[in-house]
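Working from the sequences, and respecting the hints, build out all of it.
Protein chains in written order, with the working numbering: chain A, 26 to 163; chain B, 26 to 163; chain C, 26 to 163; chain D, 26 to 163.
Read the hints as simulated data drawn from the structure, not as lab findings.
Misleading hints may appear alongside valid ones.
Copies of one chain are not kept apart here, so a pair can be met inside one copy or by any two copies together.
Said to hold, decoys possible - With a Cα cut of at most 30 Å, we get these calculated DSSO-like pairs of lysine-lysine:
(1) Lys158 with Lys146
(2) Lys158 with Lys127
(3) Lys158 with Lys54
(4) Lys54 with Lys146
Number of protein chains: 4
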Amino acid sequence: MAAKRIEGKFQELVEGIPLNQLLGIRVTKRHEDGVTLTGTMRDDLRNALGTLHGGVTATIADAAIGIAIMSHHQPIRLAATVEMKINYFIPIVEGRFTARAKLLRVGGSLVVGTAEVRDAKKQLAAFATATYKYLRPA
Amino acid sequence: MAAKRIEGKFQELVEGIPLNQLLGIRVTKRHEDGVTLTGTMRDDLRNALGTLHGGVTATIADAAIGIAIMSHHQPIRLAATVEMKINYFIPIVEGRFTARAKLLRVGGSLVVGTAEVRDAKKQLAAFATATYKYLRPA
Amino acid sequence: MAAKRIEGKFQELVEGIPLNQLLGIRVTKRHEDGVTLTGTMRDDLRNALGTLHGGVTATIADAAIGIAIMSHHQPIRLAATVEMKINYFIPIVEGRFTARAKLLRVGGSLVVGTAEVRDAKKQLAAFATATYKYLRPA
Amino acid sequence: MAAKRIEGKFQELVEGIPLNQLLGIRVTKRHEDGVTLTGTMRDDLRNALGTLHGGVTATIADAAIGIAIMSHHQPIRLAATVEMKINYFIPIVEGRFTARAKLLRVGGSLVVGTAEVRDAKKQLAAFATATYKYLRPA
Chain A
26 MAAKRIEGKF QELVEGIPLN QLLGIRVTKR HEDGVTLTGT MRDDLRNALG
76 TLHGGVTATI ADAAIGIAIM SHHQPIRLAA TVEMKINYFI PIVEGRFTAR
126 AKLLRVGGSL VVGTAEVRDA KKQLAAFATA TYKYLRPA
Chain B
26 MAAKRIEGKF QELVEGIPLN QLLGIRVTKR HEDGVTLTGT MRDDLRNALG
76 TLHGGVTATI ADAAIGIAIM SHHQPIRLAA TVEMKINYFI PIVEGRFTAR
126 AKLLRVGGSL VVGTAEVRDA KKQLAAFATA TYKYLRPA
Chain C
26 MAAKRIEGKF QELVEGIPLN QLLGIRVTKR HEDGVTLTGT MRDDLRNALG
76 TLHGGVTATI ADAAIGIAIM SHHQPIRLAA TVEMKINYFI PIVEGRFTAR
126 AKLLRVGGSL VVGTAEVRDA KKQLAAFATA TYKYLRPA
Chain D
26 MAAKRIEGKF QELVEGIPLN QLLGIRVTKR HEDGVTLTGT MRDDLRNALG
76 TLHGGVTATI ADAAIGIAIM SHHQPIRLAA TVEMKINYFI PIVEGRFTAR
126 AKLLRVGGSL VVGTAEVRDA KKQLAAFATA TYKYLRPA
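In C-alpha cells:
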C-alpha cells in the first residue's frame, strides 16, 4: 500500500484540533485509502487498571476515521460522527500506539470507515467502525 | 430515583483515575442503579468543528458505565471494557455535561450498561452501550 | 404508559412485510412513544444450540424500531436501517417473545431508536440500538 | 487466499441449523481464516421497501462469524453471540448474496470476528462485527 509522509499543511490542520493536542495525537502517514495516527503512552492517559484508557483508544480511532474522510476529498469535506463502535482486545501498556483508518463506504450523505489500533509491538489492540455524516452536500 | 451525594472515598478513587483528571471528569451522583459523572467544556476538549470532541463524550460514557459496575459491588469489582457503541445526537457546545449510567445486565463474567450523555440544557446529546468483562471471578 | 390495540390498517401494513410473515412477527401494541412486536418460538427459528437464533432476535428488534419510526409520523414515513447494534443477555427458549421499541432521537435526516427484547417470562433477553435514515425529506 | 470446497460433514452441520434452512443459507467456502456463506433472494425475505430485509443480512453475517469460530477449532467449539453490530450500505435486490467472515481476535473466553456481506455483483452491501463467548473453556 503506497504511503507518503503527510504534507505540512494537512499535518497542521490535524494537530490544530485541540483534543488531539491535549492527548498528543499526530498524523504520521497518509495512505491511498486512509491515514495512520500515532499517540504515545503517558501517565495521564491511564485508566484505573494502569493501562491506556479506552477513551483515548476510542478518540484516536474516531479521529483517524474522521481524518481519513477529510483527506479523501479535494477540497477537504467536514463530517461529524453519527456513531462509533469499538472492540478492545488487549490493553495498551506503553510506548507508541497507532490507529490505521480505511473508508469502507463513501455515500452521498453518510460515510463509514474502520480503524485498527495497534500497540508498540504492532499487536491488534482494538478495532472500530464509525459512521460519519457530511456537514454539507458535495 | 434515589440519589445520594457520592462518598468521599469513592470520589477519590474515581478522580484518581489519570485520564478523568486530565479531562476534568468527576462523579457527581450515585443512584440506586448507577452513577452520574460530570465534565465541563474547555477549549482543549474541542474538535475540528469547535464543539466537544466525540472522544471526550465516549470517554465519559465509558467511564460512567465502568464506575457504575465498580459501585454495584461490595467490595468493588474491577472490570475492563470489551466493547462500546455510542450514538451522537447533538453537539455539546459549552457548560457542564453529564453521563448517567445504568446497568442493563449483570452476568457471571460479563456486564452490560448504558449511558445517556446530556448537555448543559439537559438535552440528550449521546447514548452509549458498553460490555465489560470482570477481571476476576466473584 | 398509554398503549392501544393496534389499528387494523397499520397491522395489515406491518404483517404484509414478507419476512415478518415468514418469521411470524406481529405488532401487538402501539404506545405513545413506540410499538411492541411479538413473535412465537418455533422449531425452525432455532440455532445450533437449540435456542432462538440471534438473527431472529435482531430481526424483531430492527423491525420494531423501523415500525416505531413509521408510526411516529402522520402520514407514515419510510426509512432504511443505516446500522444496528444488539447485545444478547439470555437465550430465548420457548413461548412468546416481544420487542418494545422507543425512539431516542428524531432528527432531520436520521432517527435513532432502541428495542428491548423480552422472553415469555418478561426477562430482558436482548437490547438493540438502531440508526435509520429517512428515504425522503419530510 | 486459499479456499477449499466445504467438507460434507461440516456442510451438514451448518445446514442442519433450523433458521439457516428456513432462510436458505449454506456454507459455500472454507478459507484459511474464515468461511463464506451464501443465500439467495426470495420474495419472502423482503422488507417493506421490497429489498432484502436487514434481519436476513444480520442473520447471515452473524451465522458466518459463528461458523468461522466453530471451524477454527479442532474439535469444533460452540460459542454464543454476545453482541453484534452491522452497518448497511446498499440494498440487496436480487440473486445470490454472500457473507465472508474472518476472525479478528481469538481470546481465552471471547472471540471477535467480522463479516462482509456482498450482493450478486460483489458490491459491499453490509459490514458486521460480532463478539462471541465460548460456551466451555478450551
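Evaluated hints:
no.: 1; hint: Lys158 with Lys146; result: between (34 Å within a copy, 24 Å between copies)
no.: 2; hint: Lys158 with Lys127; result: both (16 Å within a copy, 23 Å between copies)
no.: 3; hint: Lys158 with Lys54; result: within (24 Å within a copy, 33 Å between copies)
no.: 4; hint: Lys54 with Lys146; result: within (18 Å within a copy, 33 Å between copies)
Figure legend: structure checked against the earlier numbered hints; every hint is met.
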